[in-house]
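K.L.:
Sequence:
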Amino acid sequence: MRPSASGDCTTITGQTREPVLFGQDMRTGCFISINTTSTSSVCQELQQEIMNAIEGSDVPPLINGLYAKNNRYVAMFGNSEVTKTGDWVEIFFPNRPVPPSSSSSSCTLSLGANIQILYAKIGALPNPQPKIIGVSFIYDDVQQVVYQCTGPYCQPGSSSLLQKVEISSSVTFIDVSLSPQAVEGKYPTVAVRLPYDFFYPFLTSSGQCHPTFSQTSKFMIILLILTVWSIL
Numbered sequence: 001m002r003p004s005a006s007g008d009c010t011t012i013t014g015q016t017r018e019p020v021l022f023g024q025d026m027r028t029g030c031f032i033s034i035n036t037t038s039t040s041s042v043c044q045e046l047q048q049e050i051m052n053a054i055e056g057s058d059v060p061p062l063i064n065g066l067y068a069k070n071n072r073y074v075a076m077f078g079n080s081e082v083t084k085t086g087d088w089v090e091i092f093f094p095n096r097p098v099p100p101s102s103s104s105s106s107c108t109l110s111l112g113a114n115i116q117i118l119y120a121k122i123g124a125l126p127n128p129q130p131k132i133i134g135v136s137f138i139y140d141d142v143q144q145v146v147y148q149c150t151g152p153y154c155q156p157g158s159s160s161l162l163q164k165v166e167i168s169s170s171v172t173f174i175d176v177s178l179s180p181q182a183v184e185g186k187y188p189t190v191a192v193r194l195p196y197d198f199f200y201p202f203l204t205s206s207g208q209c210h211p212t213f214s215q216t217s218k219f220m221i222i223l224l225i226l227t228v229w230s231i232l
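For what it's worth, the UniProt record's numbering labels the leading residue of the sequence shown as 1, then goes sequentially.
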């Protein structure tokens with residue numbers, strides 16, 4: 001929301017809203033005015049004025065205790081195309097306040113909302129791209145708003161005097177990215193094949209069909225195998 005020059009909430013159609021930069025939490029506020037008249041109809045008008053200041057002037061009507069769907073969406077990426085519905089995520093309003101209760105001098109109102117924007121980083125690890133995956137307007141819990149009878153506001157004839165009540169709107173960006181996990185490649189398997197005469201002249205034979213190894217030859221072969229193994 002963006003307050004008027006005097007700090008009051010404005011719900012004029014087409015009124016410029018306060019821009020939100022991605023990743024930067026922020027808070028804005030404005031004021032509404034109340035007096036000693038707090039009938040049920042006035043409290044409902046005040047709550048509607050608060051919702052219009054927070055959401056804009058197109059808050060859907062309340063029908064049978066439920067708010068109609070108003071089809072609001074936010075782009076997932078900075079370059080999302082309007083024609084691709086899959087690149088847009090719906091905005092949720094899980095707890096819009098119902099018509100408030102009132103007494104002779106007070107109203108039960110929700111005085112603000114927190115806009116929660118959930119995003120995750122996707123793509124290559126060296127250059128990830130943020131993706132918005134959810135947006136919700138979470139209204140504050142209702143509280144009793146009482147006309148304060150102090151100073152000039154408690155004098156005879158002061159029923160027409162107005163007191164200001166602050167309305168706040170905040171934006172919170174929540175990173176829900178999963179931590180990247182390192183993957184280590186497996187060591188390659190080296191298949192070594194030796195020619196049939198690799199061990200010559202260590203191989204001795206008393207006959208062509210029954211080769212035997214001398215003790216020295218066996219020692220040299222073991223030494224050679226250990227040397228090759230250490231190199232690999």
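Quick caveat, the hints were computed from the structure, so don't treat them as lab data.
Backbone N, C-alpha and C fix where the C-beta goes; we use that ideal spot for every residue, glycine too.
Hints are not guaranteed to be accurate.
As the list claims (entries may be wrong) - Okay, the calculated beta carbon distance ranges per label pair:
id, residue 1, residue 2, range
1, Y73, S6, 30 to 40 Å
2, Y73, P188, 16 to 26 Å
3, Q143, P60, 36 to 46 Å
4, R2, D175, 20 to 30 Å
5, Q144, G7, 39 to 49 Å
6, V98, N35, 18 to 28 Å
7, N64, S136, 42 to 52 Å
K.L.:
Honestly, do Y73 and S6 meet the 30 to 40 Å range at C-beta?
P.N.:
Given about 33 Å between the Cβ atoms, the range holds.
K.L.:
Starting from the range 42 to 52 Å, see whether the pair N64 and S136 falls in it by beta-carbon distance.
P.N.:
Violated, since N64 and S136 (Cβ atoms, about 23 Å apart) do not stay within the stated range.
K.L.:
Does the Cβ distance between Y73 and P188 fall inside 16 to 26 Å?
P.N.:
violated (50 Å)
K.L.:
Is 36 to 46 Å respected by the C-beta to C-beta distance linking Q143 and P60?
P.N.:
Given range 36 to 46 Å: violated, Cβ gap about 24 Å.
K.L.:
Between V98 and N35, does the C-beta distance stay in 18 to 28 Å?
P.N.:
holds (23 Å)
K.L.:
Verify the CB-CB distance for R2 and D175 against the hinted window 20 to 30 Å.
P.N.:
holds (27 Å)
K.L.:
Do the Cβ positions of Q144 and G7 conform to the proposed distance bound of 39 to 49 Å?
P.N.:
Violated: the Cβ-Cβ distance is about 23 Å, outside 39 to 49 Å.
The structure fails hints 2, 3, 5, 7 (numbered hints given earlier, in ascending order).
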